[in-house]
Amino acid sequence: GAVVSQHPSRVICKSGTSVKIECRSLDFQATTMFWYRQFPKQSLMLMATSNEGSKATYEQGVEKDKFLINHASLTLSTLTVTSAHPEDSSFYICSARDAGGDQETQYFGPGTRLLVL
Amino acid sequence: GQSLEQPSEVTAVEGAIVQINCTYQTSGFYGLSWYQQHDGGAPTFLSYNALDGLEETGRFSSFLSRSDSYGYLLLQELQMKDSASYFCAVGAAGNKLTFGGGTRVLVKP
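In order, the protein sequence lines correspond to chains A and B.
With the first letter of the first sequence counted as 1, position 4 gets the number 4 in the numbering used here; the numbers rise by one all the way through.
For the numbering used here, add 117 to where a residue sits in the second sequence, where the first one is 1.
It is possible that some hints are incorrect.
Pairwise CB distance ranges (calculated) [claimed, not checked]: (1) A:Asp27 <-> B:Leu168: 25 to 35 angstroms; (2) B:Ser184 <-> A:Thr17: 32 to 42 angstroms; (3) B:Ser120 <-> A:Asn70: 13 to 23 angstroms; (4) B:Gly157 <-> A:Asn70: 23 to 33 angstroms; (5) A:Gln29 <-> B:Asp169: 45 to 55 angstroms.
Listing some non-contacts, in silico: residues in chain A with all C-beta distances to chain B over 10 angstroms [unchecked claim]: (6) Ile12; (7) Ser18; (8) Gln29; (9) Met45; (10) Leu46; (11) Thr49; (12) Thr80; (13) His85; (14) Pro86; (15) Glu87; (16) Arg97; (17) Phe108.
Straight-line alpha carbon distances no greater than 25 angstroms define the calculated DSS-like cross-link-like pairs of lysine-lysine that follow [to be verified]: (18) A:Lys66 <-> A:Lys14; (19) A:Lys55 <-> A:Lys20; (20) B:Lys198 <-> A:Lys20; (21) B:Lys225 <-> A:Lys66.
Read the hints as simulated data drawn from the structure, not as lab findings.
Note that beta-carbon positions come from the ideal geometry of N, C-alpha and C, so glycine has one too.
All chains should be built: construct the whole structure from the sequences, respecting the hints.
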């Protein structure tokens with residue numbers, strides 16, 4: 001099946017710093033990727049839709065200036081958490097839709113656990 | 118908007134059958150998906166229903182009734198490794214997914 005990777009898998013940073021998370025589709029092209037956030041024992045909440053070659057679409061309540069998304073190629077999307085604060089500590093997961101495959105299936109990355117001190 | 122309801126937790130013994138129900142309210146419906154997530158891991162795709170009826174994939178089956186805005190995931194011959202959280206998710210325009218709150222399944226020996 002299709003594989004999506006994320007890097008880093010875990011990051012600890014100081015409050016006020018910025019953190020970049022990469023999401024890569026390894027064996028398929030993804031015109032659309034999605035970024036989710038998951039707090040402990042809660043569901044996945046969609047943050048934004050990342051579109052290759054265009055601006056990301058953010059869900060209501062998600063600050064686009066705080067969570068910068070860049071989808072520069074068909075296999076890479078990045079999420080940058082700017083000026084991170086402890087309340088941003090969460091599990092960030094990306095998913096990708098195979099542009100040439102089943103349009104209904106999303107493939108999830110392994111997630112990035114962010115801890116802001 | 119979209120909202121989905123599913124039970125928060127289910128406990129069963131090895132070899133048993135578990136049914137996880139999911140009811141949804143949507144402004145647009147593009148299918149019901151099910152995902153499994155083990156603690157600390159990422160969700161993995163289990164099944165997808167766009168049309169009414171039952172889809173069977175090994176020990177797992179998923180059912181959809183669009184007229185009732187209802188679906189379920191059936192886990193048969195439960196194994197210890199099936200202990201995980203199970204999420205139903207509704208697809209919407211733009212291939213967005215809205216997830217339910219998740220059902221934590223605990224399998225006991």
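Each hint, compared with the structure:
| no. | hint | result |
| --- | --- | --- |
| 1 | A:Asp27 <-> B:Leu168: 25 to 35 angstroms | holds, 29 angstroms |
| 2 | B:Ser184 <-> A:Thr17: 32 to 42 angstroms | violated, 52 angstroms |
| 3 | B:Ser120 <-> A:Asn70: 13 to 23 angstroms | violated, 31 angstroms |
| 4 | B:Gly157 <-> A:Asn70: 23 to 33 angstroms | holds, 27 angstroms |
| 5 | A:Gln29 <-> B:Asp169: 45 to 55 angstroms | violated, 33 angstroms |
| 6 | Ile12 | holds, 16 angstroms |
| 7 | Ser18 | holds, 23 angstroms |
| 8 | Gln29 | holds, 15 angstroms |
| 9 | Met45 | violated, 8 angstroms |
| 10 | Leu46 | violated, 6 angstroms |
| 11 | Thr49 | violated, 6 angstroms |
| 12 | Thr80 | holds, 20 angstroms |
| 13 | His85 | holds, 23 angstroms |
| 14 | Pro86 | holds, 20 angstroms |
| 15 | Glu87 | holds, 21 angstroms |
| 16 | Arg97 | violated, 5 angstroms |
| 17 | Phe108 | violated, 4 angstroms |
| 18 | A:Lys66 <-> A:Lys14 | holds, 16 angstroms |
| 19 | A:Lys55 <-> A:Lys20 | holds, 17 angstroms |
| 20 | B:Lys198 <-> A:Lys20 | violated, 33 angstroms |
| 21 | B:Lys225 <-> A:Lys66 | violated, 43 angstroms |
In the structure shown, a violation is registered for the earlier hints numbered 2, 3, 5, 9, 10, 11, 16, 17, 20 and 21, in ascending order.
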